Amino acid sequence: MIDQTEVQLPLFACLPALEEDELDDAEFRAKDRAWAALVNVYEERKEADGLNYQVLGDRIGRSRKQVQRWLSSSMNMTLRSIGLLAEGMDADLDIKVSKRLPCDPRTNYVHPSEAARSYIVFHNAAAPANYIAKPFSNASSFKAGSKTTVFPRFSIKSGSILDD
Amino acid sequence: MHCTNGKLKKWQPSTRLPTRADGRCIYMLGDVFDAVQKRPWETTQSLSPAVLKARRQAMRAVLERYIIGAHLNFNVDMKELGSLKPDSSMQGFWEFRSGLPVEQTRLFGFFARPGAFLATSFQPRGKFGGMSDPAWKVEREEGEKRWRALFGDKEYIKMPWPVASKDQFFQYLDRKDD
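Sequences listed follow chains Y and R, in order. Letter 96 of the first sequence, counting from 1, is numbered 96 in this note's numbering, and no numbers are missing. Letter 147 of the second sequence, counting from 1, is numbered 311 in this note's numbering, and no numbers are missing.
Rather than coming from a laboratory, the hints here were simulated on the basis of the structure. Here the structure is a predicted model, which is why all the values come from computation and not from measurement. Beta carbons are placed, not taken as given, at the ideal position from N, Cα and C, and that holds for glycine. Where hints are given, some of them may not hold.
Stated by the list, open to error - With beta-carbon atoms standing in for the labels, derived distance ranges:
{"hint": "1", "chain 1": "R", "residue 1": "Asp195", "chain 2": "Y", "residue 2": "Phe12", "range": "36 to 42 Å"}
{"hint": "2", "chain 1": "Y", "residue 1": "Cys14", "chain 2": "R", "residue 2": "Asp297", "range": "49 to 55 Å"}
{"hint": "3", "chain 1": "Y", "residue 1": "Ala30", "chain 2": "R", "residue 2": "Thr208", "range": "43 to 49 Å"}
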């Protein structure tokens, strides 16, 4: 019988301070993800609806050059440009911040069937040593007092978790 | 595919758990790994510490998106260098790209299998001229030598080619053999 009760994670006192690379990446990640998503929508709209820098610029009161600059690199993104570009492309922003799991399965994309049959050993700084994650067909569960965590079968693509 | 033990290092996003060998991975030769981990990155321009930091963050963010399967923009974040104006002498040679406004960077290499990228060099964009600059071909030839030194006659992925659509792009990234 598997205990389906979610157990509270170790609190922040248990988490190590972020290292320099982690801090750097955290600083930049939000605008990079927003930029990548906006470029993706722009490319789709360009192909399907004939959108271009000039049309988008005209719509949001910015020059073609400015729009091109914004969409050419994540380094140029600000909250203002993110909002303007999304609105200009007639797209809704949907910002989601998800709590990390003690054993986050989002390590790297892997084909669903591969994920389903594999056993994974994680070494997670935020969790007791040698957590073991196993594929499982039901909902995820964290077993209290155990070093074994059972996960549903999963695959990750474009940031979403898909039950197999 | 076998290679000489200990010659490659696996690059990992900073806040993620260890990546799986059968998922999307970036392997680097030792000197490439050291160059990518170094701070700040070398540049041919004079840049402030804050900008140098952002330049490094921008490329790391692209590599992270590749590994976790987030949005990747074809020919913006990654590009096959022989495909835009098809040139078979560049076939199979890829780059990860970071963008403007500061000097861009390029991580070059080949795919050993879909999703398994082997980085053979890391360079500031300022090292190269336009796409007709012979330095691009030299970079590929050096990369090929490094590949051969590791894998002998084992081939990297070359097909489909030219890589002209998102679908073809993702055939280099996602496994279909399961």
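field: Those earlier numbered hints the structure runs against, lowest number first
entry: 3
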